[in-house]
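Asks: Number 504 marks the last residue of the sequence shown (the UniProt record's numbering); no jumps.
A portion of the hints provided could be inaccurate.
[To be verified] Here are the simulated SDA-like cross-link-like pairs (lysine to any residue), alpha carbons at most 20 Å apart as the crow flies:
# : residue 1 : residue 2
1 : 161       : 275
2 : 200       : 296
3 : 150       : 170
4 : 169       : 329
5 : 150       : 285
6 : 380       : 441
To be clear, the hints were calculated from the coordinates, so they are not data collected in a lab.
Being a predicted model, the structure only gives us computed values, none of them experimental.
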Amino acid sequence: MKAPAQVSDINKEWIQYMLTDYESKENTGTTVTVDSFETSKGCNTGEGYVGSIIKLQVKATISRHSAGGNPESKDYDLVIKMKGGDPRNDFAFEKAQVYLKEMLMYSKILGELDNFQKNRANNQFPISSPKFIYGKCTDEEFVLVMENIKGEGFYIHSKIKPFNFEHLKLAVTQLVRLHAVSYSYNQSHSFLDRHPEFKKTDYGIFFLKFANPALFDVQCEILKKEKDEDLAQKIKSNKKDLVKQCEEMHNENNYKVLCLIHGDAHALNMMFRYTDGDENCEKPNDIKLIDWQVTHWNTPVMDLHYLIYSSTNREFRKEHLEDILKLYHSTFVKATIDMGVEGLSWSYEDFKIDFNRMALYGLNKGFHLTFLHHCPDIVKRNEDEKQKAINQSNFMKTLQAPLLKLYNKYFFSSAMDFVINLLIKSYLIPCVKQITNRENEILASRILGLIYEAEENGLYGYFILFHFSVLRKSENICCPFMQASISKKSHRPPENILFNIICG
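Hey, can you work out the whole structure from these sequences and the hints?
Replies: In structure tokens form, the structure reads like this:
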């Protein structure tokens, strides 16, 4: 049966077909009759989902062959994901196989990994995500149906508040399970041979190729407005080397451990459940990961950087970063041992070298995500453009098809390099005044915290390239350039976190 492409396509016949398919997997011959159903919007403006999210509540009657045909009533509380209707995003997403990857994650991969850890480690490392109900992914159709876990008490953490230690600890523990289980699975099952769709693709380096130069320019613009000409000039002078380092840090050969990563591990892609009476939502006791569209095979420290620098503030990182890193590494090592991996050579020092090699990724991902999540102007502009694209006539969407093919042909050309850089800056630079005028305190504190923490950690200096190149040859090296890079400005703490982590 044809999958619905928009909410108006969801009808009784399709729901009965979809739910009968789901129920028949456990009880052959089961049929589902829909008594009534109701659809509603599944997420709020600005929550960052490119696709269409719809809530579906169904009251149905089930006839099970094993029960002698005696009918029973059952209510379903579901979430449906469909393409967003914006031809630009849909075109790029199809090229990057994000719809296919998310479908495979829910319908197949998560189940394979979970069965593996159950058999090897007695279910010590389950990977939690909403239950898969139904899905269809072809060149023409995409629909994904899952349980609505809000009914089980799971909610997205407020993006206004940074993660506290309990939230981050739970999120890291869930990510390390994904990493450790997939790494262990790969030792005996050759994951990418079985699932080549999860290889890193050219579209996966979009952020690396186009966004980083623009983000360094925006950081310079902020610092000029902050009257910190010295640091602005330092970033501008070193920009070419910084961009080069951003390219080099994505070389998979530089990392000891590769595994399946979430790829979009920020706060809005995690849902937490809280203890009864925890009105301030400070102590989560469970978590589920959602939105697996950019999952791929890569270094696990990429997920860690993405999560830590997009979901916490500078003060938290100063106090808890080392504790979080130790938690991650010890859990990874224990999990792989428990799942029978032999010969893993990834000491805590090796892990920190891998983590620090990806430091500029953490800076720029945190910088970019902070703008996207905490700048109302950007949220509104993105939503308005999305709605404008969706509301185009079918005739206008058809006219766009040749342009999108041309866009894809020249996507990685030098011409597109200039265009995309200009586009990113046009989005971010008009919002700089919200930081420099302190119109948006949350945005200002997060962005300035990232910039000055990066400077304290020596990330803006040319010497970091030399440091990483020799670090694996000598665990006891002490790099004087890092100490020299620490600013003496009163609003920057004197402690160099990255230097302490690397050099002990």
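Asks: If any of the earlier hints don't hold here, list their numbers in rising order.
Replies: Every hint satisfied by this model.
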